[in-house]
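Guided by the hints, dock chain B onto chain A, whose structure is given.
Residue numbers (the numbering used here), protein chains in the order written: chain A, 145 to 289; chain B, 145 to 289.
Since the hints were made in silico from the structure, they are not lab data.
You may find that some hints are simply not true.
What the hints assert, rightly or not - Taking lysine to aspartate or glutamate and the EDC-like style, the derived pairs with C-alpha atoms no more than 16 Å apart in a straight line are:
no.	chain 1	residue 1	chain 2	residue 2
1	A	262	A	227
2	B	244	A	238
3	A	270	B	154
Protein chains: 2
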Amino acid sequence: MTMSWHTMMEFEPRLVGCVVSNRNFIFNSLKATKECVLNIPTVELAVKVVGCGNTSGRDIDKFKTFGFTPTPASQVRLPLIAECYANLECRVVDARMVAKYNFFTLEVIKAWIDPSRKQPRAIHHKERAVFMVAGKTIRLRSRMK
Amino acid sequence: MTMSWHTMMEFEPRLVGCVVSNRNFIFNSLKATKECVLNIPTVELAVKVVGCGNTSGRDIDKFKTFGFTPTPASQVRLPLIAECYANLECRVVDARMVAKYNFFTLEVIKAWIDPSRKQPRAIHHKERAVFMVAGKTIRLRSRMK
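Looking at chain A on its own, in the form it has when it is part of the complex (with noise of 0.2 Å):
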């Protein structure tokens, strides 16, 4: 499926947070294995995206529509997309919020990216079929750690 609502929740453990909807088709097998893998596309994927946003699972195989190769994750039992960027292998940790928004807890306990995508750009969602594409990166100075 195609997601948008996410964030990340805290470092130690990594988690993210996210919004499933129970319309869609995988939201009963992500509450019975509490597993996924969040792969993350670049703009060249953005057609696939919006493809996969448009249909469902219970309908066709993604994978064989859209072109993707799976490969063997290593902690949970779903394929990575080899195609994508970055794959987080995660495990939901926390389904309290799930019943009334919908709601994940997720802990990434495997993160994969391509060394070889020096300047990968992801997309954002805004509207419909509307993206932002990750623009230039600034630096400032920063007292932080």
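Below, chain B alone, put in the same frame as chain A:
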């Protein structure tokens, strides 16, 4: 305070979740008053954003130090920041994730933007004082409403 960990959680009601560390000066007042304003800056304010993150309201008046102009809100007793592109007046509607994760669930009860700003460029925190500046917008075809 400067905050980087937040996510949309629902369109209706308009919910935002965010992490406010319990080491922050405003943590206790946010818990007590259940009110806040999310001020959304653009890249022109990046140096001040870092300044706000490097200092504490325990020691200084950040409005004065950084030259922000307070403007009355309509639904909460805290001011907006006139220099910010957007200001979201919020109420804490769920605090059950606060004790363990410092995670607040907010309802946006009033939203303000500066209509004179045609191309606001938000900044997205990467690490320390490093930010990604919002890049171009791409519009793809979608079957979703």
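Here's how the hints hold up against the structure:
no.: 1; hint: A:262 x A:227; in the structure: holds, 15 Å
no.: 2; hint: B:244 x A:238; in the structure: holds, 10 Å
no.: 3; hint: A:270 x B:154; in the structure: holds, 14 Å
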